[in-house]
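Novice: Each chain, letter by letter, is given below.
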Amino acid sequence: MIDQNLHSQNLRRWWHWAILATLVFVVLFVPIPAGAAAPTERTFRIEASRFQYSPAILEVNPGDMVTIELVATDVVHGLSIDGYDLETMADPGKTASITFTADRQGSFHFHCTTTCGNIHPFMTGKLEVGRNTLLWRAIALVGLAMFAGAWKGRK
Amino acid sequence: MTRLQESLWVEEAATKSTLSGSSERYTIPSRVNLYRIPWLRAMLESRWPQFLARAVTLIGFVFTLAAALFGSRVGNHNFAIIMVWIAWWTTLKLGFIPFGGRSWCSICPIPLPGDWLQQGGILDKGSHKNGFNLRWPKSLRGSWLQSGGFLLIGLFSAVTLTDPQVTGWVLLALFALAVGMSLVFEHRAFCSYICPIGGFSGMYAKAAPMEVRVVDKEICANHRDKSCYHACPWGLYPLAMKDSSACGLCMECLRACPKDNLALNLRPYGSDLGGHISSSRLDETFLALTMLGSALAFSAVFVGPWGWLKLSAFEIGSQPWVAYATGFLALNLLFLPALFSLCVWSWKKISQNRLPLKRLVASHAQGLLPLGLMSWIAFTISFALPKLTLVLGVLNDPFGWGWHILNATNTSRSLDVSGFSPLLQVILLMIGIFWSTRVTMKLSKSDGKHNFPSNMPVLVFYLVYSIGMLWLLIG
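Protein chains in written order, with the working numbering: chain A, 142 to 296; chain B, 2 to 476.
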């Protein structure tokens, strides 16, 4: 009788973990519609001055041909985009540009590449290519982790 | 309290411990006593290895001060800024605290000269102690001042973290305060009640896998000399220690115990958390909430793309800075405490708990620690890892004077960590919320109310906070 109870308890526990694993799998791999329009050409003029880019957040669709015109209005500023291996630098009053295809979906920081003052290491902006599916998946995973903690800690 | 009364307190703690505890050997299966490992024991028994480590950090500290005060004013070309706020700050959060709790305190150079003066000797205690040896005022005990210190750092963070001279003066002020306090007050008053980093490390040390504990409570209680208590520079009595937050892991108690009755244990993570519902203090809650608020604010300022926010935090005294300071203080002093109290109040109502709200808020703060620790680590991955390329540059040219000590090329570029950092940050926050939730469930279990719905308000607080961090870090 005790053995049977133990067996059914183990089975139940196993099922709970299996359900949780399935949910994690679904969250990780279920396709989320990109919600993107047809690829097009986009040009952004970014003014860089006193540790900030303006605009600091660029939103494009996956596949867009993006041109960034960097204008430095005070001292020399640079721009490199994480995940894209691109870099450019503009002298004061001058414009430098880079063109690339936004073929990687997600949210990517861009940084200044030339020491422009004390806040230089934190002079950043953001390139958003399509919907940031990682954020939504992460929120779901964190929610699941909370439920898993509650379930594990209930006994 | 006089010294005599204090001794009675120590005796009382010993008696209480043997009455409430068991008389059998204090062995917990989930602990590994590292002090039993012969080579490690030899290293810990001698004061030399620790002294050498502290001497190295002291030399590093003096060099850092010199670079900060006399080197380049450009932050990322100065040894002090990069080594303190990028290299050391990262090592503290990714290494010392998660693996050794308050272990940094055992080699911290800031209180070292003060210790020497106070104990009247360098390696061993001298026969004459210097200073007034006063007790720290009772009204100033707890971590209130440490929370205040951390808030001050937050208010001026954009300047402190980027201007070498400001960093230099802050370090010098901390050093002078530590030395001065060691001559006025007994024990490590500065480390215990003032140092913001001590407060930060001490609080998260409760979650860490390292502890110094008594092996057999009865042997300790019956030992009349209490040599461990008299040897502890922190003024702690190991038998009375409830958690690891105040222990600086200096190992003096292990060296002093003639009964070989102290252990340096490797333990499961979070062993100090989830204890009895009435075992926490409100100052610890405030510190825990300040840490959560600061992690959010620092993520927004240093990792976020909002240049206006960075400038507001940087231009001290300007109108935008006043707005930033108001927002920062409101987040830490009003919004988060009010939201957390509201969640615990809801928990109290649902679970029909009769304990005062203040006590419940204090004890539920234990659940904030894992999430707080993981949030700080996640923030550090975005904040510091991309800047690690700058370390080589300042080793090559510490003062920014154009030296080429290592013949390396200086770079101003950040390292691209986008390939792994978002995933790592998600995993860290998942661990944080899972762990915090377990602590909360454990806490309510100790109170006899462990059903899931009653804990929902507190868990929702964790979830909302985690989503906020995710949005700032990977959004």
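Watch out, some of these pointers could steer you wrong.
To be verified - Computed list of chain A residues with no C-beta within reach of chain B, every gap over 12 Å:
1) Leu147
2) Thr163
3) Pro174
4) Ala179
5) Thr208
6) Ile222
7) Asp223
8) Asp232
9) Pro233
10) Phe241
11) Gly247
12) Thr256
13) Trp292
What the hints assert, rightly or not - The calculated BS3-like cross-link candidates involving lysine-lysine, where the alpha carbons are at most 30 Å apart (straight line), are:
14) A:Lys235 - B:Lys243
15) B:Lys359 - B:Lys126
16) A:Lys293 - B:Lys139
17) B:Lys350 - B:Lys139
18) B:Lys443 - A:Lys293
19) B:Lys130 - A:Lys293
Simulated from the structure, these hints should not be mistaken for lab results.
By construction, the Cβ of each residue, glycine as well, lies at the ideal position given by its N, Cα and C atoms.
Novice: The structure should be examined with respect to each hint, and the outcome stated for every one.
Specialist: Here is what the structure says about each hint:
Residue placement check: A:Leu147 keeps its beta carbon more than 12 Å from all beta carbons of chain B (closest about 22 Å). Consistency note on A:Thr163: stated as away from chain B, and its beta-carbon is indeed over 12 Å from all of that chain's, at 17 Å minimum. No Cβ of chain B approaches the Cβ of A:Pro174 within 12 Å, the least distance being about 19 Å, so the stated non-interface status holds. A:Ala179, annotated as away from the interface, keeps every beta carbon of chain B farther than 12 Å; the closest lies near 26 Å.
Listed as a non-interface residue, A:Thr208 keeps its Cβ farther than 12 Å from every Cβ of chain B; the least gap is roughly 20 Å. The Cβ of A:Ile222 does not lie farther than 12 Å from every Cβ of chain B; its closest approach is about 9 Å, which violates its non-interface assignment. A beta-carbon of chain B comes within 12 Å of the beta-carbon of A:Asp223; the shortest separation is about 4 Å. No beta-carbon of chain B comes within 12 Å of the beta-carbon of A:Asp232; the shortest separation is about 15 Å.
With a least CB separation of 16 Å from chain B, A:Pro233 remains clear of the 12 Å interface cut-off, as annotated. Under the 12 Å C-beta cut-off, the non-interface status given to A:Phe241 relative to chain B holds; the minimum distance is some 15 Å. Remark: the non-interface label on A:Gly247 conflicts with the geometry, its nearest Cβ contact in chain B lying 8 Å away (cut-off 12 Å). At roughly 5 Å from the closest C-beta of chain B, the C-beta of A:Thr256 falls inside 12 Å, breaking its exclusion from the interface.
At the 12 Å boundary, the C-beta of A:Trp292 falls inside the reach of chain B, the nearest C-beta of that chain being 8 Å off. At roughly 63 Å between alpha-carbon atoms, A:Lys235 and B:Lys243 are farther apart than 30 Å, so this suggested pair is violated. Restraint check for B:Lys359 and B:Lys126: not satisfied, since their Cα atoms lie roughly 43 Å apart, outside the 30 Å limit. Restraint check for A:Lys293 and B:Lys139: the C-alpha separation of about 41 Å exceeds 30 Å, so the hint is violated.
Note on B:Lys350 and B:Lys139: the hinted pairing is violated, with a Cα-Cα distance of about 34 Å set against a maximum of 30 Å. Restraint check: the Cα-Cα separation between B:Lys443 and A:Lys293 comes to about 10 Å, which is no more than 30 Å; the hinted pair holds. Simply put, B:Lys130 and A:Lys293 have alpha-carbon atoms about 53 Å apart, too far for the 30 Å limit, and the pair is violated.
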